[in-house]
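Chemist: Sequence:
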Amino acid sequence: MRNEIQNTLQFVLSVAAGGALIFALALGHIV
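Each residue of the sequence shown is one higher than the one before, starting from -12 at the first, in this note's numbering.
Think of the hints as simulated: they come from the structure by calculation, not from any bench. The beta carbon of each residue, even a glycine, is placed where N, CA and C say it ideally should be. Where hints are given, some of them may not hold.
[As the list claims (entries may be wrong)] Restraint-style ranges between C-beta atoms, simulated for each label pair:
no.	residue 1	residue 2	range
1	Val18	Met(-12)	43 to 51 Å
2	Val18	Asn(-10)	35 to 43 Å
3	Ile(-8)	Leu12	26 to 34 Å
4	His16	Met(-12)	37 to 45 Å
Whenever a hint applies, use it, and build me the whole structure from the sequences.
Modeler: Dropping the structure here:
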């Protein structure tokens, strides 16, 4: 069960990192 939580946490972190990267790229294009 702990492994499942760790996988979920890693998934959330990767999605957040991807979102931040896309946001930074979009911001760079706007500026």
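Chemist: Flag every earlier hint the structure violates by its number, smallest first.
Modeler: Violated: none.
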